[in-house]
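Number of protein chains: 2
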Amino acid sequence: MNTKPYIEKHKDRFINELIELLKIPSISADPAYKNDVIKTSEHIKKSLEDAGCDLVEICETPGYPIVYGEKIINPDLPTVLVYGHYDVQPPDPINLWDSPPFEPVIKKTELHPEGAIFARGACDDKGQMYMHVKALEYLTANNELPCNVKFMIEGEEEVGSESLGWFLENNREKLANDVILISDTGMISKEVPSITTGLRGLSYVEVEVTGPNRDLHSGLYGGAVANPINILCDMIAQLHDENNHITIPGFYDKVEELSKEERTEMAKAPFSQEDYNKALDIAQEHGEKGYTTNERNSIRPTLDVNGIWGGYTGEGAKTVIASKAYAKISMRLVPDQDWKEITDLFQKHFESIAPKSVKVKVSPHHGGTAYVTPIDSIGYQAASKAYEDTFGKTPIPQRSGGSIPIVALFENELNSKSILMGFGLDSDAIHSPNEHFGIWNYLKGIETIPHFYKHFATMSK
Amino acid sequence: MNTKPYIEKHKDRFINELIELLKIPSISADPAYKNDVIKTSEHIKKSLEDAGCDLVEICETPGYPIVYGEKIINPDLPTVLVYGHYDVQPPDPINLWDSPPFEPVIKKTELHPEGAIFARGACDDKGQMYMHVKALEYLTANNELPCNVKFMIEGEEEVGSESLGWFLENNREKLANDVILISDTGMISKEVPSITTGLRGLSYVEVEVTGPNRDLHSGLYGGAVANPINILCDMIAQLHDENNHITIPGFYDKVEELSKEERTEMAKAPFSQEDYNKALDIAQEHGEKGYTTNERNSIRPTLDVNGIWGGYTGEGAKTVIASKAYAKISMRLVPDQDWKEITDLFQKHFESIAPKSVKVKVSPHHGGTAYVTPIDSIGYQAASKAYEDTFGKTPIPQRSGGSIPIVALFENELNSKSILMGFGLDSDAIHSPNEHFGIWNYLKGIETIPHFYKHFATMSK
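Protein chains in written order, with my numbering: chain A, 332 to 792; chain B, 332 to 792.
Just so you know, these hints were derived from the structure itself, not from any lab. Hints are not guaranteed to be accurate.
For identical chains, the list gives no copy identity; a pair is met inside one copy or between any two copies.
What the hints assert, rightly or not - Listed next, the in silico BS3-like pairs over lysine-lysine satisfying Cα-Cα at most 30 Å (straight line):
#1 K785 with K340
#2 K591 with K620
#3 K620 with K687
#4 K792 with K377
#5 K620 with K690
#6 K748 with K439
#7 K609 with K690
#8 K365 with K692
#9 K591 with K439
#10 K679 with K620
#11 K785 with K505
#12 K609 with K679
#13 K609 with K692
#14 K585 with K775
#15 K748 with K376
#16 K609 with K687
#17 K599 with K354
#18 K687 with K716
#19 K599 with K687
Build out the structure end to end from the sequences listed, making use of the hints.
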């Protein structure tokens, strides 16, 4: 198999097609973009048909539709199910983008001398998902598809994949497969390919602290009533101790502790704390005592405030004591923490530390369970060989700090292992302003994926 | 002197004139309203001319103009200088208003069976300032003005009166007076008139905490870099100890401590903690240990967060670690704290408690010094007699928690004492949604003020 000539011949079209897809602002978190999200699902349907699927359906769900596509060449052959998502994160803070988030531009960067596409969703996950569509085009156009393939592309990943569980439950037969293939993660670098073998779980909550029943003049009331912003800050500060351990009782009870050997193995991955700090322009790293940076963001659970607001936030000064203050707080979880249990523990603890002078409301948003993939499965080995074919190197198995909660769901509902072949880089700024995806990475993904099909079909015999 | 018949005859016009003034959104904090602020100054000029001033000028300053007006009947007679402001607080949060803030409506409330005017600035300070314009109209229309009068109405009070110091310095002769009269405070209740004898000072700062140089994905980086929102919360939490004392070193060094006798005297003012809590719908009051509610909000300095923001604050969830987090923080000060010194102490302390993993910037906004009026002055005694004439009761001298920083400035620049005859109520919701001013209070002010002129002229002989 040599995928390169076809890709070389069609690469301009492959890039332009992705750019068209990136122009649609499919922000699932904001109801104002509902029509764009739906328009994107129709766009995906057309792309799958063009790439060679025999059947493509836009499947209605309680939320945004899921695009299902398939090409069944022989029911006796193994089946690969490709998962991806067509929705994107909100682009805020919009003023920090160098170019509008939904007007894709190609720019060269130090890491991407071949150019990178700058747009919201360029990497997460439109770009990475579209690699699979183009890989299918390669396989069908060249008559090299060695097995059956199914696509399941959803529109609610960035808001917790709420409809996906429902969809899996109701379509087990349709979705039956031998392995699930996902590109929604990254690799260590262009020179060091890696396969993600672990993902963290997530519990995302919103909290509201209410003090007086209306905004008050801070001169007339200041000092005599509980200020909900000060109280919220106090309560958030209490969630970590002086060693940056999380203080929620029971939070660490089920945390999988890695052995010394496993931690030593992890520490071999190439990493420079100095470069890391320099890239983020920070004078010092920060995190749980007793763990390294790579451990803190992969094998350890964390708690971060993702947003906070209350009182007067406009220009100038307003001497007000707000009635309410709010925060969005998420916890990244590790095996074997149960996200629903952790959400309950958070809620109970947060309510328990509130002083009597305020009222507190905790609203769970969504969550998901952590996941670890075995590296001796046929799926992992097929992926590893695919990278060897196109990178000339064996990829490194890597635990990631991110969460794709649906990976655990797939295992439960569909009884399948997921293989996480990510081609993005940490520096791609996903979820941040100026998200981008290297053209080299995009084309390398399209080049590598067909090799996975070849090896998986061969090894499954 | 009997001011009642004239007021009874003209009260509908007095109310309608105020309503017209309230329709102009003179929000000094927001540059978007610049034209409206200037339009309001022209409106005030016209009102002062109509009320009987011989000379009215719109005086340009480095900021918004100051309206100066005068009626000099005899240079040998004493002169009263009336101060007020025509700018208003921003109306945020706008969605909590029951009617639009700049479309005044009259509604009856439990405390205001005669009706109250609901609009931003109804009480603070357009309504209270306009009482003085109408009091002048009464005095000139009825030929009862017993002394000279000057008006100085500014447009930057809600943003720190930055141009006022410059104006005073450059116009000492023009502004020469024997007493300054201000209605920008409240009274205990409609049955218990009071004169404000103390005001708190103010130091208002804005803080910015910067973590990584861009927003980051909380999965990939969570736990390994300092989250500026968590750090900001930690730092804010550290500003109070477990007894709600402020922890800034040196903060209390110059605080005037009241004697047991003075505190016993203060405790005699009618007050029900139960009613207070009920009115604010709070289960428990909150404040510095060892002091009562009325002490906490008048004779004690305080520190409150007036606004906080950072990260994702929109609908739904975004798993982001923000690059920056912000807060607006103000401190109410008491005699003899120096606001510039306190601002410096805050800045040094806040910078010193920042961990190395973040950068911190403190930007002072504005400030002012606390003030105490002696109750044996002619001005205070004349005001006291005026209330006796119209309320049939001697007013109670009261220390207020609010700040009118310019009162200390007047004493320094113009060598005059200020008399604070406020007719508002704590429940008027100034600086809050649904600000209002009772029609009874408005007319009672117009009724009472001319009596002050009478007594002040007589007692000054």
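So, going through the hints one by one against the coordinates:
1. K785 with K340: Result: close within a single copy only, 22 Å intra versus 97 Å inter.
2. K591 with K620: Only inside one copy: K591 and K620 sit 16 Å apart there, 50 Å across copies, limit 30 Å.
3. K620 with K687: The answer is between: 15 Å across copies meets 30 Å, while 33 Å in one copy does not.
4. K792 with K377: neither (33 Å within a copy, 94 Å between copies)
5. K620 with K690: between (33 Å within a copy, 21 Å between copies)
6. K748 with K439: So K748 and K439 fail the 30 Å test inside a copy (37 Å) and across (68 Å) alike.
7. K609 with K690: between (42 Å within a copy, 14 Å between copies)
8. K365 with K692: within (28 Å within a copy, 39 Å between copies)
9. K591 with K439: neither (42 Å within a copy, 73 Å between copies)
10. K679 with K620: Both. Shortest intra-copy (25 Å) and inter-copy (28 Å) distances satisfy the 30 Å Cα cut-off.
11. K785 with K505: within (23 Å within a copy, 93 Å between copies)
12. K609 with K679: between (39 Å within a copy, 27 Å between copies)
13. K609 with K692: between (39 Å within a copy, 20 Å between copies)
14. K585 with K775: Result: close neither inside a copy nor across copies, 39 Å intra and 69 Å inter.
15. K748 with K376: The answer is within: 25 Å in one copy meets 30 Å, while 78 Å across copies does not.
16. K609 with K687: between (44 Å within a copy, 14 Å between copies)
17. K599 with K354: Neither, since 40 Å and 69 Å both go past 30 Å.
18. K687 with K716: neither (61 Å within a copy, 44 Å between copies)
19. K599 with K687: between (50 Å within a copy, 27 Å between copies)
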